[in-house]
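Peer 1: Work out the full structure: start from the sequences and follow the hints.
So you can see what is in the structure, the chains are spelled out below.
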Amino acid sequence: MERRSVLLTLVVVTVMLIVAACGGGGAQPTAAPAPTEPPPEAAPSPTPEPMEEPSPTPEPMEEPSPTPEPMEEAAAQLVIWADENRAPIMQELAEAFKAQYGVELVVQQVSFGDLREQFKVAGPAGEGPDIIIGAHDWLGELVVNGLIVPVDLGDKRDQFLDVALQAFTYDGELYGMPYLTENVAFFYNPDLVPEPPKTWSEVREIAAQLQEEGKVTQGYVLQVGDPYHFYPIMSAFGGYVFGRDEKGSYNPDDLGIDSEGSIAAAKWLDQMVKDGLLSPDVDWDTMHAMFENGESAMFITGPWALNRIRESGVNYAIAPIPDETSEGKPFMGVHGFMISAFSQDPLLAQAFLTEFVATEEVMQKLFEADPRPSAFLSVREAIDDPDTAAFGEAGQNADPMPAIPEMASVWEAWGNAITLIFQQQEDPEAAFKAAAEQIRAAIAGQ
Amino acid sequence: MIRVGTGQGTQRLSTSLSLSEVLFRLLALALVDAVAIWLVIRMVADGVWLLVTLVTVITLGLNVIFLREEFYPLRWMSPGLALMILMVVYPLVFTVYTAFTNYSDGHLLTKPQAIKRITTGLQNMYVPEGGITYRWVAFQAEDGTLALWLTDPEGNHYFARPGEPLQPARAGEGIFGPPDEAGVPTAIEGYTRLNRIQAAANRELPSIQFGLPPNAVQVRTPTEAAVLRPRFVYDPERDAIVDQKEGKLYVADDSTGFFVSAEGETLTPGYIVTVGWRNFDRLLNSPAIRGPVIRVFVWTVVFAAASVVTTFALGLFIALLYNDPTVRGRKLIRSLLIVPYAIPAFISILVWRGMMNPQFGVLNRALDTWLGFSPPWFSDPMWARLGVILVNLWLGFPYMMLVCSGALQAIPDDIYEAAEIDGAGAWKKFRLITLPLLLVSVGPLLISSFAFNFNNFNVIYLFNQGNPPMRGTPTPVGHTDILVTYVYRLAFASGGGKDYGYAAAITIIIFLIVAAITLFNFRYTRMWEEVSEHV
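Protein chains in written order, with the working numbering: chain A, 1 to 446; chain B, 1001 to 1535.
The set of hints was computed from the structure by calculation and includes no laboratory data.
Check before you lean on any hint, since a few could be wrong.
Stated by the list, open to error - Within a straight-line C-alpha distance of at most 30 Å, the following computed DSS-like cross-link-like pairs (lysine-lysine) qualify: (1) A:K120 <-> A:K247; (2) A:K247 <-> B:K1331; (3) A:K120 <-> B:K1111; (4) A:K267 <-> A:K198; (5) B:K1248 <-> B:K1111; (6) A:K120 <-> B:K1116; (7) A:K247 <-> B:K1245; (8) A:K433 <-> A:K274; (9) A:K267 <-> A:K215; (10) B:K1245 <-> A:K156; (11) A:K198 <-> A:K433; (12) B:K1116 <-> B:K1248; (13) A:K156 <-> A:K247; (14) B:K1245 <-> B:K1111; (15) A:K365 <-> A:K98.
Peer 2: Written out as structure tokens, the structure is:
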């Protein structure tokens, strides 16, 4: 028994020593953004070991003119999450920012697919960034969970493309600073189609003629079941997804999937399939392969496909979306900077965006790193690459993709309706009406 | 520990340890304790009480097991038990708990967190009606205190310092240096002018009151400052949030997890609340569910059973073929046959998808040439189901082949000899000896393969997302949707975003179904019984 108590005491003492060492070592990593609760590591350690809290070293301000006075308190810093496309340019900009203002910008690379989910978890836990770069259709989710705060662009507001600002507006407030827009456009092969068609009826005629002459396998090619690429056709017939109110926000109560225009577009699609002008076996890869091989003369795609089309060597040209009874509009996706609600430096994040990023120089650099049309007007107008300029032109009248949470209910049902029409399993009007019912039930069921 | 064996069996364990063994054991135990204590401290700070309890219990348990001799046999099981509690029991308990809450998009925070989000922060400050919004430029004194140069919309300038009333001022007079084009002095005696980013880098800036409260000016954005009031304020007595700007009251509704006004408007974000059986009610009573769910359930059972039967049949067949050691090249062939198992399923399913494209896929072009027929794998429901089963067969048979090869070795040869003497042919030998003995050892694996394929999300989703779609259903559902992909659509791809509470409830229901089927299978096939009973 005596031996037992000796053993136990030894264990206890060893534990305490190790905990003390762990506790002292553990204090260090929590330097910069301090968690909301003070870490109570100091408390339970019984041995009075002094906790070494390394005081965050202030950056010595030796840089010339703009900052002659050294900072008294801790060196401010901003943490920004960017994906692999943007992290390199943000790193460059971070260095320029540091040189100009002496504030550190820490760039952390998080892949685009994971960014939103990780942010949802890291933000409330206090481990999140100050700024994220993301797509505008994340707004619904982020705002509803209280994860981001509104951005005030002040005077710089009119230097941005209006549609891009609308895209980042949710419930009447601007929740991010846009910098890049992307939308699909109409691609055609000038060898087969000398003039870009102006309406979808023309598209049909040209496709039928080319197929008859045997020059192509399929004149106009569209992938099965993809609502995103179908929307331009739908809007050209006057269809819409959600109606908009006076402020431009999408109204979830006004669903347009079963509106007259949408059904007209569905009927057009149905007729194309019946006449053999569209095939139900084409998916995304096949669609591009067909255009690149010259087996197809016209299709709709976005700037992400430019590289592969250029590499294939096929002759291509880009035009705005054809109209029909209405203007043909693509969906616009806007990428921008958003400020986290858990940021300790919201004012600094805001100042960084409006003072540093919202300038022609920085916006130009961002555009050069990722050549999609800029949302900053002066850069957008100065684009000299004809393809990118063409995309910009096609997107002039684009509709921002709805960012409201109810949009999540729409994609599935809408896509299914399109698939059913392609596969000739359902009458177009019935398919779209059924889809609209499903969506309304899903929205109401929350 | 050296067990002293005596003729009568060991009653007591010997305690003849060497000093280094003792020290090593104690150090290891002390290290585990230290890590546990450090973890518990961090978790208490975050308020994760369930984990705290679990870790404490496990650590105490480990200590007791390793320090008391009565628990000697448990020592070998303790790491497994500990990990099982942490990795299996805890997530299970947490999932069950989540099923009774409304944890979803819009309800991710706890009530205190939600209150904090709504009532604090720079964005909560607003300019009251009639308030003047100034443009500001910051100046910093030598001792570090800040002052603001304000310009109101009419063009009047003021100099504001904390604790002193606003002082009308003009650039170029007194201590104020000459003005720039905005009328702001380029320098002030005793102060340095800060640009916006330097000023904003000061974390305290938004909370500094420039001027005399209650009319002190505060900074709101990098360009504007004004007399600010907080918009949302929490009133603990009424458990409500007051909107001072609009004059509304939002009372906390703990049954839905929102702050609601009298008109039914809610504040974002909401918070997590327990909702009792509501998620289960929603699942079982929703008219949208009743229709397709039976069809989906039937197909799920058929798919899982077909997967097991086909993979087992093919795997067993190949194992029997190559069981004979005289077959040449069997090692090479077996290695090649493992390949489907080795390639990540994610990639191979997508490759199959491409190969089975009715118009351009390699497989269909070949079938078209030989048979004159190209099966519509993705548009016809029957062919889509067959396609999914075929792909799953390709993915799963190597596993069964390996397992059967091993189990076949375990059957003793003399039984076969005895059967031959009795005049049994090959088929009789297979049916009466090989198969029963095989099933005894492979049986549990078949059951687990069934359970796995019951929830095989990857194959279904990657092949065709559960499509082709069914027509005229209340919710989007496809012909190849199994229960888990259907549930994924319901919980994550519809409504207002991701509903984790609802998904947890559905998970529990699926678990109960799979557990029931599994238990029934075990009982029915009497898998647990001894080998000798079947020979």
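Peer 1: Hints numbered earlier in the text: which of these fail when held up against the supplied structure?
Peer 2: 2
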